[in-house]
Amino acid sequence: MINVIATRWRQGHRTAAYPKTPPTLPERFLGRPELTAGLQAGACRAALAACPVGALQAEAGIGAAAPVTLDLGRCLFCGACAQASPKAVRFTRDHRLAARRREDLVVRPGAAAGPAAAALDAAARRLFGHSLKLRQVCAGGCGACEADTNVLGTLVFDLGRFGIQFVASPRHADGLLVTGPVTENMRAALLDTYEAVPDPKLVIAVGACAIAGGPFRDHPETHHGIGNLLPVDLFVPGCPPHPYTILDGLLRLLGRIK
Amino acid sequence: MAFSSSIPFGNGGGIPRAAVPVLAWSGFRDTLLGAAVAGWRLLAYFAAPETNDRPRLWAILGRDATGELTAVATDPAGDHFPSLAPEWPQAAGFEREIAEQWGLCPEGHPWFKPLRFQGSWRHGHDAWGRNPELPILPGVTDFYQVRGDGVHEVAVGPVHAGIIEPGHFRFQCHGEEILHLEIALGYQHRGVERALLGGPTLRTPHLLETVAGDTTIGHLTAYGLAMAGLTGVAAPPRAQVLAAIALELERLANHVGDLGMLGNDIGFLPTASYCGRLRGDFLNLTAVLCGNRFGRNLLRPAGVLFDLDDGHLAEVRDRLDAAFADVTTAVGLLWETPTVAARFENTGTLDPAVCRDLGMVGVAARASGIVRDVRHDFPAGAWTGCERITPATATTGDVQARAWVRWLEVQESVRLIRAWLDRLPEGPVLAAPGTPAPDHLAVGLAEGWRGEVVHVALTGADGRFSRYKVVDPSFRNWHGLAVAMRGQAISDFPLCNKSFNLSYCGHDL
Chain A
1 MINVIATRWR QGHRTAAYPK TPPTLPERFL GRPELTAGLQ AGACRAALAA
51 CPVGALQAEA GIGAAAPVTL DLGRCLFCGA CAQASPKAVR FTRDHRLAAR
101 RREDLVVRPG AAAGPAAAAL DAAARRLFGH SLKLRQVCAG GCGACEADTN
151 VLGTLVFDLG RFGIQFVASP RHADGLLVTG PVTENMRAAL LDTYEAVPDP
201 KLVIAVGACA IAGGPFRDHP ETHHGIGNLL PVDLFVPGCP PHPYTILDGL
251 LRLLGRIK
Chain B
1 MAFSSSIPFG NGGGIPRAAV PVLAWSGFRD TLLGAAVAGW RLLAYFAAPE
51 TNDRPRLWAI LGRDATGELT AVATDPAGDH FPSLAPEWPQ AAGFEREIAE
101 QWGLCPEGHP WFKPLRFQGS WRHGHDAWGR NPELPILPGV TDFYQVRGDG
151 VHEVAVGPVH AGIIEPGHFR FQCHGEEILH LEIALGYQHR GVERALLGGP
201 TLRTPHLLET VAGDTTIGHL TAYGLAMAGL TGVAAPPRAQ VLAAIALELE
251 RLANHVGDLG MLGNDIGFLP TASYCGRLRG DFLNLTAVLC GNRFGRNLLR
301 PAGVLFDLDD GHLAEVRDRL DAAFADVTTA VGLLWETPTV AARFENTGTL
351 DPAVCRDLGM VGVAARASGI VRDVRHDFPA GAWTGCERIT PATATTGDVQ
401 ARAWVRWLEV QESVRLIRAW LDRLPEGPVL AAPGTPAPDH LAVGLAEGWR
451 GEVVHVALTG ADGRFSRYKV VDPSFRNWHG LAVAMRGQAI SDFPLCNKSF
501 NLSYCGHDL
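Chains as they are written, first to last, in the numbering used here: chain A, 1 to 258; chain B, 1 to 509.
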């Protein structure tokens, strides 16, 4: 017992001061990407060819002058495009990536950071702003998005201090946090779980798989994420998103970060 | 060798397909069963289409004592082949997979049920003769049932409490006691192996990094070795050591996290709380290497994409020392607290004979006294250098043993990383990747944190994958969990489950 107390003393206070102070991110962390102003397909052929999932795309049929876009919903943040065409694509270390609308995840040449995820309206904030209970459903996730969601419950992030908690029963939940591309074998269970959550309810898509299928996009065994199956209130890009990216999205949704 | 398989080759090696003997069934069977007696294990058993579109059966064998690999093949007659599972249980899971993927029926299989609830890859060939117009529903199967006074059934999943992958568990109980547990998986099936056909492509490394997202480095290590066997190009020495450091960091993060969660599952919160944080410290060390906490985009065939300068090396060393000091005290509480011992000891005991029969690997096998570790038995890359390991083992096969083996491995991983940081070879970290040889077979093995990861690559005449077989350690170990639960209290299932901590997506592919 004395060792339990001594260990408690040694381990100290470890909860980060986020969101008051910005998070510490690794030097090589790849956050929000930027495309050079006026970027056209002809100037970044190598980057377009290097993208494994078609996140970096040129408008079809216009040739070398086609404008280029980068879809954060599909992006695996592998950095292959920036390595192939460093003058065209650059990854910043900005972890704030979440968006409320699917189209807000598309990065355009020269655009400053896209619109940050807006808060829920006042009525929804009154319902969920001080107590948000989420049921997590993994529908083909590889375990990484799940791990970086789970870690929010540790003392480093201490999600409970924001009134957000993961619960076991969908009946006790205010919404779903979904990971994975939605395998055909999990489709029915996901939809059943959604039905079991009482109205009004939220849906949060975490990770490239849940948003757009991730590396499994176009597999007949999966469904390109949850967009065609459920109404989504918050998209959190990444493969997997950094825990701070997920936390930032959740807090913006609740109006706790503006 | 007294039996007729290919000439032996090593981990990260390969042979021309033509060098693999294609035997008649009786010769194939005698070779496999003879090899089993001579100390060989079944590392992979799968079907791949031949040029005439008929599936051929391939078996990859490995002998721990000598680090040798060998291959043998057979062409089944029609859509049936005799099951080896009654005599050699480690074939059972592979045979169910062959049946499901190719519509080949293993005759005499003792547990002939779908493995992942997926349709056959060969149109018009279904091992169960199911109507192709009807959907295949996951978890809808003929579950084993026990009947009698006071016997009841408990069904759990696919959606579980907590943030965890989906699977279905069917318990047959008498009161609290579990008489039988059947585990039905497949909910995570994403079609990985089918998507790998015709590769390698730009997406191949990303698919393999997410076979099991917590074993990114383990699977990419095996992929790198399989590709080296196809191309003849190995990673430069410095890259091999950086990859080995990443593999041990992956082991540290997961073992430390598991030790914490074992505390959590018995309500011992000090260790649970501290290890939850410390797991992140090791993930963040991996992010020092490549920017990603799970090691995504670090390893590629023929090397690594990131080098470390002296500043990084010092940072990794300092942060490793600090995290290890905290882990030592946090985990130490487990071993000195009587209430922990009361819950860990004699819970979920697995007999070594069962481990051997099922072909189990990794922490679960070593905790039952089976000395089996790819880093020791099939060393490749940095593991062939001066830093050799002694496999960590325990004898009791219970939750305590699986926890203790993790702690031994945590200490060994820290020792290895420190030694490598002090003597990192100079030189480049990435070689020119080379071209895969046509009509070739190559095998890559890695000791992921859960256990042995097996990748087998077969190329066609165009040098593309005509088959890429992935065997995650979970594939070999799920059945062991079911056996370990017999006679246990159902309330101990979460604890036992965590002590194995198997991957659903690694199994379901």
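By construction, these hints were calculated from the structure, which means they are not laboratory data.
Be careful, since some hints might not be right.
Derived, one-sided and incomplete: chain A residues facing chain B with beta-carbon distance under 8 Å [as the list claims (entries may be wrong)]:
1) Ala16
2) Tyr18
3) Pro22
4) Pro23
5) Leu76
6) Thr154
7) Ala168
8) Met186
9) Pro215
To give an idea of the interface, some chain B residues facing chain A are shown, with a C-beta separation under 8 Å as derived from the structure [unchecked claim]:
10) Tyr144
11) Gly162
12) Asn284
13) Asn297
14) Ala302
Each residue gets a CB set at the ideal place from its N, CA and C atoms; glycine is no exception.
Comparing the hints with the structure gives:
The beta carbon of Ala16 (chain A) is not positioned within 8 Å of any beta carbon in chain B (closest approach about 10 Å), and the interface hint is therefore violated. The criterion of a C-beta within 8 Å of any C-beta in chain B is not met by Tyr18 (chain A), whose closest approach is roughly 14 Å, and the hint is violated. The restraint placing Pro22 (chain A) at the interface with chain B is violated, with a minimum CB-CB distance near 16 Å, outside the 8 Å limit. Look at Pro23 (chain A): its Cβ only gets to about 11 Å from chain B, farther than 8 Å, so that hint breaks.
Because the smallest distance between the Cβ of Leu76 (chain A) and any Cβ of chain B comes to about 6 Å, under 8 Å, the interface hint for this residue holds. The beta carbon of Thr154 (chain A) is positioned within 8 Å of a beta carbon in chain B (closest approach about 4 Å), and the interface hint is therefore held. For Ala168 (chain A), the suggested interface contact is upheld, since its CB lies about 3 Å from the closest CB of chain B, less than 8 Å. For the restraint placing Met186 (chain A) at the interface with chain B, the shortest Cβ-Cβ distance is roughly 5 Å, inside the 8 Å limit, so the hint holds.
Here the hint on Pro215 (chain A) is kept, as its CB sits about 4 Å from the closest CB of chain B, short of 8 Å. Against a cut-off of 8 Å between C-beta atoms, the interface hint on Tyr144 (chain B) is violated, since the closest Cβ of chain A lies about 21 Å away. Annotation: Gly162 (chain B) was flagged as interfacial toward chain A, and the flag holds, the nearest CB pair being 7 Å apart, inside 8 Å. With a least beta-carbon distance of about 7 Å to chain A, the hint placing Asn284 (chain B) at the interface is held under the 8 Å criterion.
The interface hint given for Asn297 (chain B) holds, since its Cβ lies 5 Å from the closest Cβ of chain A, which is under the 8 Å cut-off. Given hint, Ala302 (chain B) at the interface with chain A, is violated; its Cβ is 16 Å from that chain's nearest Cβ, farther than 8 Å.
When each numbered hint is compared with the structure, violations occur for hints 1, 2, 3, 4, 10, 14.
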